[in-house]
Amino acid sequence: MGVVDPTILLKGEIMKRYFNILILMLLTFTLNPILLHAEDATEIIKKSQDAFFAQGKDMQARVKMTLLSKSGQQRLRELTMLRKNGTGGEQKYFMYFHNPGDVRGTSFMVYKYPGKDDDRWIFIPSINLVNRIAAKDSRSSFVGSDFTYEDVSGRDIEADNHKYIREESLKEKPCHVIESTPKNPTEYIKKISWVDKATYLPIKDEYYDVQGSLYRVFTADKIEVVGGLSTITKRSMANIKNGHKTEVVFENVSYNVGIGDDVFSERYLRKPAEKWIK
Amino acid sequence: MIYLLILIISFLNIFTTAYAQDITFHGFVQGNISARVTGNETTDPTEGGDYLSGEERLRGEITGGDESTAFNLKVDLVHDSVSDEDNIDIREGYMDYRSDNYDLRIGRQIITWGAGDLLFINDTYPKNYSALFSGQPLEYLKIGSDAAKLSVYSDVISAELVVIPFFEPYQLPDSKRFFLYSPMTITDIKIPREEIENTEAALRVYKQIGRFDTSLYLYRGFYKIPGMRPLSPTDAELFYPQLAVYGFSMQGAFADGVLSIEGGYYDSLDDRNGNDPTISNSSAKYIFGYSKQLWTDLTAGMQYYGEYMQDYNNYEDSLPAGFPKTDQVHQLITVRLTQMLKYNTLRLGLFTFYSPDEEDYFVIPEARYNITDSLWTSIGVNIFGGKDSRTFFGQLEKNDNLFATLRYEF
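In order, the protein sequences belong to chains A and B.
If you want this note's numbering, it's the position in the first sequence, counting the first as 1, plus 1.
If you want this note's numbering, it's the position in the second sequence, counting the first as 1, plus 1152.
Next comes chain B alone, as it looks inside the complex:
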């Protein structure tokens, strides 16, 4: 912690001196709370109970630079009231170097790719699903990657190449704060070692074709959702198998709205024939999305997401007895409705996930009001459920929660 602070202070010191002319400083103070409303309480004495989250954050963001070099540092000082811990969350901290036809960004950076809305295929960058499930503001769904990104631009085609030497898995709900389906006790987590051959690489090549923003993607790295390997009849370890993704996305104006199409093939490099039940089989994933304004200040969006598992017979044959079996095709339908009211100061939103094969759902109604230009508040509910308590959203059924945020920006 001390080292981090020293690092931040020396970082600031160097750049504030170098770019004294063009420094900007902003930030916010935020309180966020999420309380379970199902009446269930977790039993861990140090965590949880009724609360999924309770945080106070102080954000400082400092930027500076000129036409060719720039820096950005975005840091949250966090007090977690649930665990009564203090943390420093470096959201982003990077240097930019800009030339006529290429840009280089080095450091911690949030990268978002693809055409999905809360659904990701070609965006394999770190995410925090606990934040989403406990009603933190949307930006906390994304986590920065410690990476180097080279962007190359030309009139014909442009490209982004991202190299990530430090593996960062998805943050998924854990049993300290969430009720989850876990058939075994996790006693070990195996993270890919920081070695040259474990460096993740991602490439995006893009171009506007007609009125469609079109991208091709390549990724080589690891699954960010772990596989689970039994160590004994009751214990298991988590590990992150190798993954390659080949995909594309298109987004553009269509029939008075916006059409989004994305697809990707998940090549499960450590289990290409699908015989290993602890590793996800290779699969083809796709999203068809369409959003349109139905009337003034009301926008509706709908997405169909599918996941087609390869080598399904091998999966069926190798699945241990007693484990829940998924269908060969997993589907999700999402709907988003957003209504702006009172000169855009009041926003009513609804987002729903529903899976027809797993018969589970996740619904988020939310209202946000800008009290003044610098003060806003939001309140909402996360509602989970499903027929089977072992499916992705079904296992979260006992975690329905009411969340509220108050943020003052400066």
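The following block holds chain A by itself, in its conformation from the complex:
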């Protein structure tokens, strides 16, 4: 080896490696359309999450949730939701509960970071307590509804493998149909999403349990254009197995209303500004 210039050897190695990669890429793109779509599928889910959970710079809405049991019992949850987008996919959420009585005045604040756990705080008005809450519970029910925390603020895109299945029209809307498979075991083994080609909003999601049977269905029931942005103003999540269902209506939605960063602070957690929670 003594007489060979090691840098020449290195250059040769690199050339060879580049060539191999080039061949591999060519083969991939020409011979394997499913892999080609793999790139697309992740991109589509990303666009869909942006359209669903991150439209505008900020958002304010009055949210009414109706929880319906199989036997017909109804429970109502009413809250004001504020959201503000930060940089690099970070988001801040503020929720103030108007009803029912046992949670009235309770506020809930979330700092959401892409790729790591959220920071979450709760304010309990009866004892004037601000406390952190353990955040590794993205699959837990959101305020007792059929929606999980993830369903309300978005699931980490990297947590699933996304596969393009087909194109299909649903409710007269041409859709991309994507299959998302969790990389780590969770309560479902796959999710099939119908994503509107025009707005990228999710029109329907089907969740399949570990036995492979359909058990949970999300549907966008009403889409309206608010401030130039297509918005799902009525949505529902139904549990097929136990007959429980949650319907959510977003009222008085407004975007880009100029919510200051200070709104997402301990001060406003303890005493929210009237104008934001009305």
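Accuracy of the hints is not assured; some may be wrong.
[Said to hold, decoys possible] Taking lysine-lysine pairs in the DSS-like style, the calculated list, with each CA pair at most 25 Å apart, reads:
| hint | chain 1 | residue 1 | chain 2 | residue 2 |
| --- | --- | --- | --- | --- |
| 1 | A | 48 | A | 184 |
| 2 | A | 93 | B | 1444 |
| 3 | A | 71 | B | 1494 |
| 4 | B | 1444 | A | 117 |
| 5 | A | 117 | A | 48 |
| 6 | A | 246 | B | 1444 |
| 7 | A | 65 | B | 1494 |
| 8 | A | 184 | A | 172 |
| 9 | A | 184 | A | 174 |
| 10 | A | 242 | B | 1539 |
| 11 | A | 93 | B | 1359 |
| 12 | B | 1359 | A | 117 |
| 13 | A | 184 | B | 1444 |
| 14 | A | 279 | A | 223 |
| 15 | A | 272 | B | 1539 |
If you're looking for bench data, these hints aren't it; they were derived computationally from the structure.
With the hints as your guide, set chain B onto chain A.
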């Protein structure tokens, strides 16, 4: 009582007229009962017996205001079935003034500080331990302070300054309703007089550092748990020695859960060298807590609490013969488990205190069910015990009780 009612009515009158547009009114009706299950009955003919509490409460809460000024009044009309007495319990009643970077709150207000779960170091605000030990809803553990609170906010650091002119001690179980260790008869209670120099002051300075909510605390006032001074071989008086506390707390995301750390130095101003056996020695107190979700809708929390007594030799030397001696380090371990079921309508909870040095415990299993959105009920048990009947929880051994609450909210 009459004066109180007049005061409340005139208060309401002024503010309902001023803020007619933005008034809200809510409240609840509640029944709460707690029955001793150990078979022991207290002998006081007017109180107790089998029951630690039996109450009906009617809560009215009225709020109003605009962006800059607001008010809140929260009043419970209480019928105590055990003593057959009626009371008005003003839980809170305050005015808020709000500006760009400061808020002022004047009046009776509940304040909660610190990172502990049912353990308090830097939160020296009034508490009602009888309510906790007899199974009343958790909010009754806290009592309002008649205080002024100034909060100042900035991007760099924020602060709260609380001034309390009216002393309010902890409400501890009394021998009318509880079986307790009391070596002497209490014939007098000395409350700090309402004077300028007896005004309590508390400061909290806070900031988010990294992902941790970090606070520094200062307090100057009084111990809320009294010292006991003998007046004769059988009689004693209770009094509240001066206290200063210097402390900190941190709470934030850590290892898929929430880590809480709190510490404080209790500076026993009336007994700095620890020679007076009737006053607690200075001590360093600390809490390490961690909570995490173990699986969907089940959260577990654990805390280690320690209290390190200063000048322990002086304490040992000055302790009168026959009085129980505590270790230099007093420790507590707490565990909390909370499982939500049936779309969060059913909550199963367990909270346990255990002290390895005093070898005593307090365990609270509880189930709560929301029958409808406005009606909930809870049932639980308070279980006390210990090796020695003179320790904090050990003395309560005969007071194990079954409690139940039914509340209708409107």
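Which of the numbered hints above does this structure break?
Checked against the structure, the hints that fail are numbers 6, 8, 9, 10 and 15, while the rest are satisfied.
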